[in-house]
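J.: Chains C and U are the protein sequences, given in the same order. Heads up, the first sequence is in full-length UniProt numbering, so the first residue is 1 and it goes up one at a time. Heads up, the second sequence is in full-length UniProt numbering, so the first residue is 1 and it goes up one at a time.
For the record, the hints were derived by calculation from the structure and aren't laboratory data. Treat the hints with care, since some could be wrong.
[Said to hold, decoys possible] Listed below are the simulated DSBU-like cross-link pairs for lysine-lysine, each with C-alpha atoms no more than 35 Å apart in a straight line:
| # | chain 1 | residue 1 | chain 2 | residue 2 |
| --- | --- | --- | --- | --- |
| 1 | U | K231 | C | K77 |
| 2 | U | K202 | C | K427 |
| 3 | U | K191 | C | K408 |
| 4 | U | K231 | C | K427 |
| 5 | C | K133 | U | K191 |
| 6 | C | K248 | U | K231 |
| 7 | U | K191 | C | K312 |
| 8 | U | K231 | C | K312 |
| 9 | U | K202 | C | K408 |
| 10 | U | K231 | C | K382 |
| 11 | C | K82 | U | K231 |
| 12 | C | K224 | U | K231 |
| 13 | U | K51 | C | K452 |
| 14 | U | K72 | C | K70 |
| 15 | C | K251 | U | K231 |
| 16 | U | K72 | C | K297 |
| 17 | C | K379 | U | K231 |
| 18 | C | K452 | U | K72 |
| 19 | U | K191 | C | K427 |
| 20 | U | K72 | C | K312 |
| 21 | U | K24 | C | K408 |
| 22 | U | K51 | C | K227 |
Small disclaimer: the values here were computed from a predicted structure and weren't measured.
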Amino acid sequence: MPVSRRTFLGGGLAAAAVAVTGTPLLAGCASDKKNSAAVNAAVKLPTYQKYGAIKPDLPGNDAVLDAFLKYPANPVKAITDKPGDGQPISFITNIPGAIPPAADNNQFWQAVNERLGSELQISMASNDEYPDKLATRIAGGDLPDIINIPPTTVQIPGLLKAKAMDLTEQLSGDGVLKYPFLANIPTVYWKGCVFNGAIYGVPVPRGMSRTTLPLYRADLLAAKGIKDPAPKNFEEFLALAQEMTAAKENKWAWTKPPLPYIRQMIGLPNQWKEEGGKFTSFYEAEGSSEALEAGRKMVEAGVVNPDTFSAKASARKQWFNGGIASFDIDSFVAWNQYYADNTAGDAFSVNMLDVPGFDGGQGKPWMGSALNNVTAFSKDSKHSVETLLKIANWMAAPFGTEEYLFRKYGLEGRHYTLNGTDPTPTKTGVVETGIGLQYISDSALALYWAGKPDVPQRQHAIQEKIADRLVYDASYGLYSETLSKDGARLTKQMTDLENEIMSGNKPVSDWAPAVKNWLSSGGEKIRGELQQAFTATSGK
Amino acid sequence: MTRTVQRRLVNGVPMPGWPMRIFKGLVLLVFCAAVIVPFVGVISTSVAPNKQINESGGLVLFPDSVNFNAYKSLFAGGVVTQALFVSVFVTVVGTLLSLTVSCLLAYALARPGFSAGRPILLVVLFSMLFSPGIIPTYLVVKGAGLLDSIWALIVPTMVSAFNVIVLRAFFMNLPNEITESARIDGAGELKTFAYIVMPLSKAVLSVIGLFYAVAYWNAFFSALLYLNDSKLWPLQLVLRTYVINDTQLGSAELGTELLPPQASIQMAILVISIVPILLVYPFLQRHFAKGVLTGAVKG
Chain C
1 MPVSRRTFLG
11 GGLAAAAVAV
21 TGTPLLAGCA
31 SDKKNSAAVN
41 AAVKLPTYQK
51 YGAIKPDLPG
61 NDAVLDAFLK
71 YPANPVKAIT
81 DKPGDGQPIS
91 FITNIPGAIP
101 PAADNNQFWQ
111 AVNERLGSEL
121 QISMASNDEY
131 PDKLATRIAG
141 GDLPDIINIP
151 PTTVQIPGLL
161 KAKAMDLTEQ
171 LSGDGVLKYP
181 FLANIPTVYW
191 KGCVFNGAIY
201 GVPVPRGMSR
211 TTLPLYRADL
221 LAAKGIKDPA
231 PKNFEEFLAL
241 AQEMTAAKEN
251 KWAWTKPPLP
261 YIRQMIGLPN
271 QWKEEGGKFT
281 SFYEAEGSSE
291 ALEAGRKMVE
301 AGVVNPDTFS
311 AKASARKQWF
321 NGGIASFDID
331 SFVAWNQYYA
341 DNTAGDAFSV
351 NMLDVPGFDG
361 GQGKPWMGSA
371 LNNVTAFSKD
381 SKHSVETLLK
391 IANWMAAPFG
401 TEEYLFRKYG
411 LEGRHYTLNG
421 TDPTPTKTGV
431 VETGIGLQYI
441 SDSALALYWA
451 GKPDVPQRQH
461 AIQEKIADRL
471 VYDASYGLYS
481 ETLSKDGARL
491 TKQMTDLENE
501 IMSGNKPVSD
511 WAPAVKNWLS
521 SGGEKIRGEL
531 QQAFTATSGK
Chain U
1 MTRTVQRRLV
11 NGVPMPGWPM
21 RIFKGLVLLV
31 FCAAVIVPFV
41 GVISTSVAPN
51 KQINESGGLV
61 LFPDSVNFNA
71 YKSLFAGGVV
81 TQALFVSVFV
91 TVVGTLLSLT
101 VSCLLAYALA
111 RPGFSAGRPI
121 LLVVLFSMLF
131 SPGIIPTYLV
141 VKGAGLLDSI
151 WALIVPTMVS
161 AFNVIVLRAF
171 FMNLPNEITE
181 SARIDGAGEL
191 KTFAYIVMPL
201 SKAVLSVIGL
211 FYAVAYWNAF
221 FSALLYLNDS
231 KLWPLQLVLR
241 TYVINDTQLG
251 SAELGTELLP
261 PQASIQMAIL
271 VISIVPILLV
281 YPFLQRHFAK
291 GVLTGAVKG
């Protein structure tokens with residue numbers, strides 16, 4: 001294709017936009033007036049219809065996830081027809097792990113193509129580099145059929161309006177029932193896919209699986225005579241950490257200061273709180289300095305590994321796995337990962353702490369962020385919208401189905417072996433299956449760990465304990481242009497200061513002026529936009 | 001009675017006394033250790049057992065036992081092996097092409113009486129001062145039909161303005177008498193270039209070749225942007241994803257205890273990416289110093 005003067009200049013202008021605003025593109029489109037909260041609220045969201053063929057051992061509810069003690073025998077083959085149309089389908093995504101073997105050297109990928117009835121061409125990038133790759137592909141007018149759009153992508157409404165298919169006709173209300181596994185995704189997750197008064201994507205739900213609380217090594221605590229720890233306030237929590245610290249033996253209670261947990265103890269908002277139409281950020285909420293002071297106190301008390309401020313996430317995980325630290329703050333997904341990485345043998349046991357109030361009573365746990373990403377379909381795709389939705393539907397087949405077993409574990413013999421009805425991944429399985437299918441669409445996470453029924457039991461128990469007290473982010477589903485454009489920069493400033501305070505390099509008294517600065521350099525504007533969006537949608 | 005101490009002279013300078021020599025030795029030892037210990041740590045961690053890596057918090061200096069699981073994991077599935085071939089191809093072919101094109105351009109620019117020399121030199125200098133940016137370059141690559149082609153890793157970066165300037169400076173300083181005598185003997189421009197100028201330019205060719213080779217070997221960003229098929233990814237991009245993602249190799253939802261820990265994988269990656277350059281560098285080092293000086297003092 002020759003480069004015309006127009007394309008070249010267009011690219012140059014897009015590049016200039018990136019340089020000047022940090023915004024990849026489509027700034028013009030983003031100002032579209034149709035992305036008003038009122039218009040978005042008027043969209044009829046897809047009907048939720050729970051897929052009933054699979055019965056969990058421990059049923060969940062709106063917040064709590066279904067738990068399975070073993071993989072169901074004879075998994076249901078829920079989709080009989082191949083969803084593809086015989087033509088190659090392209091997809092761009094980030095991948096969280098290592099690069100898997102390419103399709104011609106990857107039997108799992110080949111089997112996926114066979115089952116889909118279309119060759120899936122996947123363009124991958126690591127998590128960090130994905131925004132650059134996506135922005136370049138968008139600016140180059142070179143988007144694939146299926147696009148993984150992370151929630152942090154700037155100016156999503158403009159991008160989707162310019163480049164993505166409107167799926168409202170196919171998915172709104174009962175329309176979604178034609179795609180039973182998309183209908184199996186609870187309605188709340190679809191709220192994050194509505195822009196410009198239309199449904200522009202399919203959600204990749206997370207929610208409770210991303211709820212983040214202290215994970216602890218139950219085996220290490222038991223060795224010290226501590227069973228089922230349940231501190232009643234911050235002082236007891238700190239005492240517990242002190243009991244698990246033996247600096248001379250290179251043992252520390254914590255991998256990092258558990259600031260989000262302390263904030264939950266104090267009852268700070270989960271990102272944004274709404275009260276009578278007024279929005280408050282957790283940065284400015286009453287008690288935010290107290291939380292920082294408590295976190296700083298923990299570091300000062302020496303219960304946090306002193307290398308924490310220079311360590312990467314993988315190093316912290318090694319401390320926890322190696323018994324150098326007994327506590328880490330992370331999600332239910334990480335809980336499973338710890339079992340995957342366990343080198344401590346059969347005694348290895350992980351559990352999660354509930355949230356007490358800072359001075360007693362009950363704390364307020366934060367619900368995890370709703371979406372991993374929104375999956376959009378390119379307007380320029382040669383495939384019909386039905387084909388692409390059928391692909392997404394296939395990818396959302398839930399735990400217990402034959403499709404799920406194949407999608408997550410691959411082919412029996414090569415990618416996993418069966419232990420009873422439980423699939424145990426082989427090394428080849430782990431390497432070959434990581435091609436990013438979960439970012440096309442996904443069902444809600446099921447609590448399950450092959451061969452260890454006590455793990456989902458413990459996970460289900462803690463979820464039931466905290467479910468009634470969960471605090472949700474009031475800004476979810478409301479669009480703020482400033483948050484989209486400047487959110488990452490503003491958040492980084494505050495996170496940097498948090499770290500400085502935690503490490504003792506700056507006093508807690510620096511927090512209040514920083515919050516003022518945050519408000520004046522964008523926070524106040526974000527609040528205004530969220531409030532405006534909330535007012536426009538309230539009662540709808 | 002005073003006793004004079006005769007000190008042995010080294011290069012005309014008296015050799016320092018024992019205390020000073022021990023002190024200097026200790027200082028040198030500290031510097032050597034600062035370089036060697038991390039290197040040993042990298043190699044040791046890459047072959048240490050999982051349990052020891054976890055218990056030590058990430059870095060092992062003396063492994064309890066040696067295993068090559070990290071290397072096996074990296075080479076299993078063929079991703080790293082394939083990427084290694086791509087990188088070698090890009091580095092070798094790219095360097096040869098770059099040297100050829102750059103030398104031809106620089107020689108032309110160095111010739112007196114080449115009327116278009118100055119405007120072309122300005123264009124070359126312009127590209128050094130003003131980068132076109134990611135998206136316009138992407139559009140050019142796309143327009144040239146190079147997307148998803150291994151040539152996208154070579155063609156867009158084939159000529160480096162800096163290297164052309166260094167080569168030009170070198171060629172300008174070759175004595176005119178040599179080229180003139182070749183011409184008198186009946187050699188044309190190409191023959192003079194190939195048989196007279198090139199053999200005289202081995203030092204500068206070595207250093208510019210090394211510059212190009214290292215740049216091609218280390219390049220990853222163009223592959224990230226231009227190549228969708230991961231089969232064509234060079235080693236640096238594949239290894240970078242292991243390091244950057246900073247997550248365990250296993251899938252969180254599935255889990256397995258079969259794969260080595262991330263630290264071990266990362267250290268194995270460092271070893272794999274360092275070895276080829278370590279193998280080549282000693283042979284080019286003497287040319288390297290000479291070539292750099294060539295560019296620095298002439299022009």
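J.: Does each hint hold? Answer for all of them.
T.: Comparing the hints with the structure gives:
1. A hinted pair counts as satisfied when its Cα atoms are at most 35 Å apart, and U:K231 with C:K77 qualifies at roughly 32 Å.
2. Restraint check: the Cα-Cα separation between U:K202 and C:K427 comes to about 49 Å, which exceeds 35 Å; the hinted pair is violated.
3. Only pairs whose Cα atoms come within 35 Å are accepted, and U:K191 paired with C:K408 is rejected, the gap being roughly 64 Å.
4. For the hint linking U:K231 to C:K427, the alpha-carbon distance of about 20 Å falls within 35 Å, and the restraint holds.
5. A hinted pair counts as satisfied when its Cα atoms are at most 35 Å apart, and C:K133 with U:K191 does not qualify at roughly 46 Å.
6. Simply put, C:K248 and U:K231 have alpha-carbon atoms about 49 Å apart, too far for the 35 Å limit, and the pair is violated.
7. Pair hint U:K191 plus C:K312 does not hold up; C-alpha atoms about 58 Å apart against a cutoff of 35 Å.
8. Proximity of U:K231 to C:K312 is assessed by CA-CA distance (about 29 Å); at most 35 Å being required, the pair is judged to hold.
9. Only pairs whose Cα atoms come within 35 Å are accepted, and U:K202 paired with C:K408 is rejected, the gap being roughly 56 Å.
10. The straight-line distance between the Cα atoms of U:K231 and C:K382 is roughly 25 Å, inside the 35 Å bound, and the hint therefore holds.
11. Between C:K82 and U:K231, the direct Cα distance comes to roughly 27 Å. Compliance with the 35 Å bound is thereby established for this hinted pair.
12. Only pairs whose Cα atoms come within 35 Å are accepted, and C:K224 paired with U:K231 is rejected, the gap being roughly 51 Å.
13. Between U:K51 and C:K452 the CA atoms are separated by roughly 21 Å; this keeps the pair inside 35 Å, and the hint holds.
14. Pair hint U:K72 plus C:K70 holds up; C-alpha atoms about 32 Å apart against a cutoff of 35 Å.
15. Simply put, C:K251 and U:K231 have alpha-carbon atoms about 44 Å apart, too far for the 35 Å limit, and the pair is violated.
16. For the given pair, U:K72 sits about 45 Å from C:K297 by alpha-carbon distance, which is inconsistent with the 35 Å threshold.
17. Annotation: proposed proximity of C:K379 to U:K231 holds, straight-line Cα distance about 28 Å (limit 35 Å).
18. Taken as a hint, the C:K452 and U:K72 pair is honoured in the structure, with Cα atoms around 28 Å apart against an allowance of 35 Å.
19. Note on U:K191 and C:K427: the hinted pairing is violated, with a Cα-Cα distance of about 59 Å set against a maximum of 35 Å.
20. Proximity of U:K72 to C:K312 is assessed by CA-CA distance (about 24 Å); at most 35 Å being required, the pair is judged to hold.
21. A threshold of 35 Å between alpha carbons decides the hint, and for U:K24 with C:K408 the separation of about 60 Å lies outside it, so the pair is violated.
22. For the hint pairing U:K51 with C:K227, the CA-to-CA distance comes to about 25 Å; that is within 35 Å, so the pair holds.
Of the numbered hints listed earlier, those contradicted by the structure are 2, 3, 5, 6, 7, 9, 12, 15, 16, 19, 21.
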